[in-house]
Amino acid sequence: MEEEKKDKFLAPENEIRQVAAPDGSIIEVNPLEDYFTQDRPKPYKVRKGPVEDFLNWARAESLWVLGFGTGCGSIEIPPLVTPRFDMFRFGIQMRATPRQSNVFVISGYLSVKTLKRAIRAYEQMPSPKYIVGLGSCTINGGMYYDSYNTINRLDHYLPVDAYIAGCMPRPEALLHGFEGLKKIIKAGKGHKANEYIENLDWYKANQKKIIKDWNMPDYNW
Amino acid sequence: MAKSKLFTMNEDRSLYPELDVNGKPIVDLTSHKYVKIWQGPQHPGVTGNMSLELTISGDEIVESKTHVGYLHRAFEKLLERRLFVQCMPTSIRLCVAEPDTNEYVISNAIEELGNIEVPEMAQWLRMLSLEMARLQVLLRQVPGQAGTFALGLGYQWGSYIRDLILDSFEELTGGRVYHMYIIPGGVRGLLPDGFKARLLEKLKLIDEFIPKIDKLIFNNVVFESRARGLAYIPKEWVDEYGIYGPASRGSGVSRDVRKTNPYLKYDQLDFEPFVTTEGDVYARTEVRRADLIMTVDLIRQILDKMPEKGDIKAETPNVLHWKIPKGETYSKCESSRGEYGMYFVTDGSAMPRRVNLKGPSYTHANALLDKLLINANIADTAAIMVSLATCPPEIER
Amino acid sequence: MQKGINNLIEKFGASDLEVRRPGLSFITVENTKAVAAITHLKDIDGYTILSLITAVDWIEDGIMQLTYLLNNPEEIAEIGLRVMLERKEEAGESMETIHHLWPNAKKWQQELKEMFGIDFPTSPGLNDPFILEGWDAAPPYRRDFDTNKYAEETFFPRPGRETHDPAEHMKKNMYPNNPSDYTNKKYNPNR
Amino acid sequence: MDYSIEKFLWSLLGLFIVLNWGFLMASTMRRVGARLAGRIGVPMYQPWIDLVKMISLKTYLSHGVMYYIGPVFRLVGGIGMFLFMPILVGSEIWSNYSFSGDLILLLYFQSFGMLGMAMGASDSGSPHAAIGISRGLSQFAAVEVPMTLAVIAIAIQHQTFSFESIMQAQQGGILNWTIFTNPLASIAGMLAMLGAMSHSPFNLVKAPNEIPIGPPTEYHSSFLSVLRTNSAIIHVVEAALFMNLFFGGADTWFMYIIKTFFVYFISVFVGTVFPRFKIEDSVRWFLKWPTLIGIIAVLVAAYW
Numbered sequence: 001m002e003e004e005k006k007d008k009f010l011a012p013e014n015e016i017r018q019v020a021a022p023d024g025s026i027i028e029v030n031p032l033e034d035y036f037t038q039d040r041p042k043p044y045k046v047r048k049g050p051v052e053d054f055l056n057w058a059r060a061e062s063l064w065v066l067g068f069g070t071g072c073g074s075i076e077i078p079p080l081v082t083p084r085f086d087m088f089r090f091g092i093q094m095r096a097t098p099r100q101s102n103v104f105v106i107s108g109y110l111s112v113k114t115l116k117r118a119i120r121a122y123e124q125m126p127s128p129k130y131i132v133g134l135g136s137c138t139i140n141g142g143m144y145y146d147s148y149n150t151i152n153r154l155d156h157y158l159p160v161d162a163y164i165a166g167c168m169p170r171p172e173a174l175l176h177g178f179e180g181l182k183k184i185i186k187a188g189k190g191h192k193a194n195e196y197i198e199n200l201d202w203y204k205a206n207q208k209k210i211i212k213d214w215n216m217p218d219y220n221w
Numbered sequence: 001m002a003k004s005k006l007f008t009m010n011e012d013r014s015l016y017p018e019l020d021v022n023g024k025p026i027v028d029l030t031s032h033k034y035v036k037i038w039q040g041p042q043h044p045g046v047t048g049n050m051s052l053e054l055t056i057s058g059d060e061i062v063e064s065k066t067h068v069g070y071l072h073r074a075f076e077k078l079l080e081r082r083l084f085v086q087c088m089p090t091s092i093r094l095c096v097a098e099p100d101t102n103e104y105v106i107s108n109a110i111e112e113l114g115n116i117e118v119p120e121m122a123q124w125l126r127m128l129s130l131e132m133a134r135l136q137v138l139l140r141q142v143p144g145q146a147g148t149f150a151l152g153l154g155y156q157w158g159s160y161i162r163d164l165i166l167d168s169f170e171e172l173t174g175g176r177v178y179h180m181y182i183i184p185g186g187v188r189g190l191l192p193d194g195f196k197a198r199l200l201e202k203l204k205l206i207d208e209f210i211p212k213i214d215k216l217i218f219n220n221v222v223f224e225s226r227a228r229g230l231a232y233i234p235k236e237w238v239d240e241y242g243i244y245g246p247a248s249r250g251s252g253v254s255r256d257v258r259k260t261n262p263y264l265k266y267d268q269l270d271f272e273p274f275v276t277t278e279g280d281v282y283a284r285t286e287v288r289r290a291d292l293i294m295t296v297d298l299i300r301q302i303l304d305k306m307p308e309k310g311d312i313k314a315e316t317p318n319v320l321h322w323k324i325p326k327g328e329t330y331s332k333c334e335s336s337r338g339e340y341g342m343y344f345v346t347d348g349s350a351m352p353r354r355v356n357l358k359g360p361s362y363t364h365a366n367a368l369l370d371k372l373l374i375n376a377n378i379a380d381t382a383a384i385m386v387s388l389a390t391c392p393p394e395i396e397r
Numbered sequence: 001m002q003k004g005i006n007n008l009i010e011k012f013g014a015s016d017l018e019v020r021r022p023g024l025s026f027i028t029v030e031n032t033k034a035v036a037a038i039t040h041l042k043d044i045d046g047y048t049i050l051s052l053i054t055a056v057d058w059i060e061d062g063i064m065q066l067t068y069l070l071n072n073p074e075e076i077a078e079i080g081l082r083v084m085l086e087r088k089e090e091a092g093e094s095m096e097t098i099h100h101l102w103p104n105a106k107k108w109q110q111e112l113k114e115m116f117g118i119d120f121p122t123s124p125g126l127n128d129p130f131i132l133e134g135w136d137a138a139p140p141y142r143r144d145f146d147t148n149k150y151a152e153e154t155f156f157p158r159p160g161r162e163t164h165d166p167a168e169h170m171k172k173n174m175y176p177n178n179p180s181d182y183t184n185k186k187y188n189p190n191r
Numbered sequence: 001m002d003y004s005i006e007k008f009l010w011s012l013l014g015l016f017i018v019l020n021w022g023f024l025m026a027s028t029m030r031r032v033g034a035r036l037a038g039r040i041g042v043p044m045y046q047p048w049i050d051l052v053k054m055i056s057l058k059t060y061l062s063h064g065v066m067y068y069i070g071p072v073f074r075l076v077g078g079i080g081m082f083l084f085m086p087i088l089v090g091s092e093i094w095s096n097y098s099f100s101g102d103l104i105l106l107l108y109f110q111s112f113g114m115l116g117m118a119m120g121a122s123d124s125g126s127p128h129a130a131i132g133i134s135r136g137l138s139q140f141a142a143v144e145v146p147m148t149l150a151v152i153a154i155a156i157q158h159q160t161f162s163f164e165s166i167m168q169a170q171q172g173g174i175l176n177w178t179i180f181t182n183p184l185a186s187i188a189g190m191l192a193m194l195g196a197m198s199h200s201p202f203n204l205v206k207a208p209n210e211i212p213i214g215p216p217t218e219y220h221s222s223f224l225s226v227l228r229t230n231s232a233i234i235h236v237v238e239a240a241l242f243m244n245l246f247f248g249g250a251d252t253w254f255m256y257i258i259k260t261f262f263v264y265f266i267s268v269f270v271g272t273v274f275p276r277f278k279i280e281d282s283v284r285w286f287l288k289w290p291t292l293i294g295i296i297a298v299l300v301a302a303y304w
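Residue numbers (our numbering), protein chains in the order written: chain X, 1 to 221; chain Y, 1 to 397; chain U, 1 to 191; chain S, 1 to 304.
Keep in mind the hints are simulated off the structure, nothing from the lab.
All values derive from a computational prediction rather than experimental measurement.
It cannot be assumed that every hint is accurate.
Using 30 Å as the maximum straight-line C-alpha spacing, the simulated BS3-like pairs for lysine-lysine come out as follows [stated by the list, open to error]:
(1) Lys323/Y <-> Lys42/U
(2) Lys259/S <-> Lys371/Y
(3) Lys36/Y <-> Lys212/X
(4) Lys215/Y <-> Lys202/Y
(5) Lys208/X <-> Lys149/U
(6) Lys206/S <-> Lys36/Y
(7) Lys48/X <-> Lys212/X
(8) Lys259/S <-> Lys192/X
(9) Lys172/U <-> Lys212/X
(10) Lys208/X <-> Lys48/X
(11) Lys65/Y <-> Lys235/Y
(12) Lys189/X <-> Lys45/X
(13) Lys48/X <-> Lys209/X
(14) Lys149/U <-> Lys326/Y
(15) Lys33/U <-> Lys11/U
(16) Lys209/X <-> Lys172/U
(17) Lys3/U <-> Lys259/Y
(18) Lys65/Y <-> Lys42/U
(19) Lys33/U <-> Lys326/Y
(20) Lys323/Y <-> Lys33/U
(21) Lys209/X <-> Lys186/X
(22) Lys208/X <-> Lys42/X
(23) Lys206/S <-> Lys48/X
(24) Lys288/S <-> Lys259/S
(25) Lys265/Y <-> Lys326/Y
(26) Lys11/U <-> Lys323/Y
(27) Lys186/X <-> Lys259/S
(28) Lys288/S <-> Lys215/Y
(29) Lys149/U <-> Lys172/U
(30) Lys212/X <-> Lys45/X
(31) Lys11/U <-> Lys265/Y
(32) Lys65/Y <-> Lys212/X
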């Protein structure tokens, strides 16, 4: 039964297939196992002391936000880079790729389809990484509490450092939320990424409960 | 017309993949000639949360497929579980860029089926809020078109004025993005004291803004060289593909609900939508620029012609017990992207039976975008999407 | 406008004409004649724009209604063509496809297949996922699919959310002595 | 050439100054751009914080050996350009390792970093990186043509391939600068500079809303900090290269900073008001006017 279900949603490029090697021999390729590492991530060591305090200060003062507008809250993110709000003043910048960003702003509701992409993007970010849940929808489902396609509680799927309430939060609220995140990081508490890795099984079980077509490796390095 | 020559339909296609019966190229990905890349959903060049599955050969796109559904919240299902008054806060979130049109189409549908006559003052105020919403969208969109070519300066200037317009919205309605000003039966409030003078003061900034972006964007050599001839839409496609609004007016077909089916008090205003025949990205940007000027003019006319006082809301039944007899209607208005309609069915109960929203992006972003992107350069995808003003939440709702 | 409707009634046996407002009418045609009627409207009567295709689930009557909204830009008229299909318990109503008339139609049909389970044989890409991904429950827009129940079972509702029926709540808290006051009172901000 | 430890330490000090000046210039330019848009912009010290933060990231992953070597090659390209170009005119301690044919070596080092990046980025496995790097290499090939022509014209004019001699020849008054003595070569060279600086309209290598963000898509943490360090150095050094060739070089550190700032400012200024070219337009543009001017400059220099 489990096998059948898996096959139903497997993307064609991830199917097990025969490939001709350069020397002419035929080899079997299972993309999910051969092309992706199956390694589990390990939690990093959290240090203490003045050096770490300085590094935490640097992490807080240089927040690179992933440019991924997941929901309707993303309409209030572009104003942050324009004259009225100008978040560059506070060392907050937008990055286009998850590899170079540390902050993931989940801007509003997450549909199941987007949650899958959000998990992939989050897992690719280098730690320490932070998630800011924007809007009521990430807290308890908000407006869409009874929708079959949007998640209710973000913290069951991804570790959230800070929530910004409102529907939708104003850009000022976002800036305030970033200030709050900075305080958390400077106090040395911004290690939710470790929590995610320590409780990976719980998170993965929750994620797999709603993402029925899990055609990706367990941890997207 | 000579400028459109850059785009020719019958060039030599011998180097390109063959087409199958549906007109889709037959692409063999194992031939090492093609690469499949995804633009989106996490991609700064994609308008909103959607993605394009592109098969490219070099920098050229040979096949494109739009993927939507990342923003699906099942509005139409949720509205079936809401009272008519509860529909309002939910429905305005259908399209976040221009929520006022949602307010209007659903209020209008409810009024039409519930036989409610909207007072005149309320109609003028509705028109004001719709035009202000269009204004704030166009202030982002016109310079945003250059932003897709990495000329972000105009966008910054435009956003500054847009924030001022949003301030006016806050004065009028209390909300910055979601206003819920238009409600079934009328509107929520009169103009605050001194609102007119302050708004007119802000409109003067736009008069100064237009010559600035003319210099920066429309007379810019690089912008012209990239936008001219890009994503040419022939006139014949307008009906076939269901193209609305600025995109159709860029191709020489005047489609504007405000003119064809005048709603509210649009028949008392003096305006003529701008039409050009070139059909490329530059033409569509020009149309939006003309729309911006026209919207400013319309707001001035509205402020001028509107009565000082009057009823702002018709009497409606108690909203908690409001039942509407069985019926169906299609209520539509002109949004900044084109005709924006809502098919509304009631069955005599306190909740709608079925709501179906039809935004122009549904047709723009699916069949049309797939078609326009073929043979385009991947560098131009963002520009083509923005020129069609695709708004994914109105596709999947 | 009138010509198109007359044609529909005479040639295709359409019935139940409902004129909603000048320029918008709804009319019912039999499902076997629907595609012919749409083709006639498009090619001869000038209804060249397909505004939308959607479905309404009349579960209590056992009817699945399809609505094709066609627009005539010359006469500025719209006709909503209702097609009544027999509703099936387990989805899978079937209707002829019109993707050959408009390239966009296949997307609507794809959506209807996904959301309502209505089948349009020979429509290209009908079974490709469009909006939902990895969906294995019943088509969600059918009336018998309970979205609240599904959401509560699938997602993790945050404890503490209370739902009040507004009518009951107001009766109890605002008009405890005379509930009929509440029912009769009308809201008028001008007063 | 002098290979003493003392010389090496002076060069290292120069590199340190140039690196910090590069960071300061980067944030200043971002502030200038922000002012045009009506914003305040990043704090002056932002690049240093970014650098510390990138190094302090805890996890990183690798895509193979070339992935490591790519940023290092890029950095070597930047440092190499710095080391073989004299910093100040006529100064013994600030002359670095310049020698009589350093101009040729410098042209080579300009492309060295790009090639290293090409290897590293294509190993990172991201299709955007591959597209970005193929764009970058084709544009660079086109930029090199007018650039080399301008350099040849100047070399013919001064009959030398040595920086020191070219800089010395421009001393003694503003009218001795190459931009006045050989305007054609200067125009070709400055147009090529716009391409070499990778600012809009020629920033299609990193075009953020087309191929986010080109070759460094997969680079993060320390790898990215190396790239950032390099870009700080290379912006100053590129500006210094054009300053030395066309604007008379600098005789004090103060002049060095002023002149590199303004040379760099030209490309930022152009970038703020022009959208981005497509790669084919860009290549065509470089092979048209700048190349033509460059050829005329060489002919003029050779046969006048």
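Hints, one by one, checked against the model:
Proximity of Lys323/Y to Lys42/U is assessed by CA-CA distance (about 37 Å); at most 30 Å being required, the pair is judged violated. Distance check on the hinted pair: Lys259/S and Lys371/Y sit about 51 Å apart at the alpha-carbon level, beyond 30 Å; violated. A distance of roughly 25 Å separates the Cα atoms of Lys36/Y and Lys212/X; the hinted pair therefore holds under the 30 Å criterion. Restraint check for Lys215/Y and Lys202/Y: satisfied, since their Cα atoms lie roughly 21 Å apart, inside the 30 Å limit.
As the CA atoms of Lys208/X and Lys149/U are separated by approximately 19 Å, the hinted pair is consistent with the 30 Å bound. A threshold of 30 Å between alpha carbons decides the hint, and for Lys206/S with Lys36/Y the separation of about 20 Å falls inside it, so the pair holds. For the suggested pair Lys48/X and Lys212/X, the alpha carbons sit about 41 Å apart, so the restraint of at most 30 Å is broken. The hinted pair formed by Lys259/S and Lys192/X fails the criterion: a straight-line CA distance of about 47 Å is larger than 30 Å.
At most 30 Å may separate the alpha-carbon atoms for a hinted pair to count; Lys172/U and Lys212/X exceed this at roughly 44 Å. Restraint check: the Cα-Cα separation between Lys208/X and Lys48/X comes to about 35 Å, which exceeds 30 Å; the hinted pair is violated. In summary, the hint linking Lys65/Y to Lys235/Y is supported, as the alpha carbons are separated by about 23 Å, within the 30 Å threshold. About 13 Å separates the Cα atoms of Lys189/X and Lys45/X, which keeps this hinted pair within 30 Å; it holds.
The hinted pair formed by Lys48/X and Lys209/X fails the criterion: a straight-line CA distance of about 37 Å is larger than 30 Å. Straight-line distance between C-alpha atoms of Lys149/U and Lys326/Y comes to about 27 Å, which keeps the hinted pair within the 30 Å bound. Distance restraint check for Lys33/U and Lys11/U: the Cα-Cα separation of roughly 10 Å lies within the 30 Å cut-off, and the hinted pair is therefore satisfied. In summary, the hint linking Lys209/X to Lys172/U is not supported, as the alpha carbons are separated by about 40 Å, beyond the 30 Å threshold.
At most 30 Å may separate the alpha-carbon atoms for a hinted pair to count; Lys3/U and Lys259/Y meet this at roughly 23 Å. Taking the CA atoms of Lys65/Y and Lys42/U, the gap is near 28 Å; set against the 30 Å cutoff, the hint holds. Between Lys33/U and Lys326/Y, the direct Cα distance comes to roughly 26 Å. Compliance with the 30 Å bound is thereby established for this hinted pair. Simply put, Lys323/Y and Lys33/U have alpha-carbon atoms about 35 Å apart, too far for the 30 Å limit, and the pair is violated.
With a C-alpha separation of about 35 Å, the suggested pairing of Lys209/X with Lys186/X is violated against the 30 Å cut-off. At roughly 21 Å between alpha-carbon atoms, Lys208/X and Lys42/X fall within 30 Å of each other, so this suggested pair holds. For the given pair, Lys206/S sits about 38 Å from Lys48/X by alpha-carbon distance, which is inconsistent with the 30 Å threshold. Taking the CA atoms of Lys288/S and Lys259/S, the gap is near 29 Å; set against the 30 Å cutoff, the hint holds.
Distance check on the hinted pair: Lys265/Y and Lys326/Y sit about 28 Å apart at the alpha-carbon level, within 30 Å; holds. A threshold of 30 Å between alpha carbons decides the hint, and for Lys11/U with Lys323/Y the separation of about 37 Å lies outside it, so the pair is violated. A C-alpha spacing of about 40 Å is found between Lys186/X and Lys259/S, which places the hinted pair above 30 Å, so the restraint is violated. Straight-line distance between C-alpha atoms of Lys288/S and Lys215/Y comes to about 26 Å, which keeps the hinted pair within the 30 Å bound.
For a cut-off of 30 Å, the pair hint linking Lys149/U to Lys172/U stands: about 27 Å separates their Cα positions. For a cut-off of 30 Å, the pair hint linking Lys212/X to Lys45/X is broken: about 34 Å separates their Cα positions. As the CA atoms of Lys11/U and Lys265/Y are separated by approximately 39 Å, the hinted pair breaks the 30 Å bound. Straight-line distance between C-alpha atoms of Lys65/Y and Lys212/X comes to about 23 Å, which keeps the hinted pair within the 30 Å bound.
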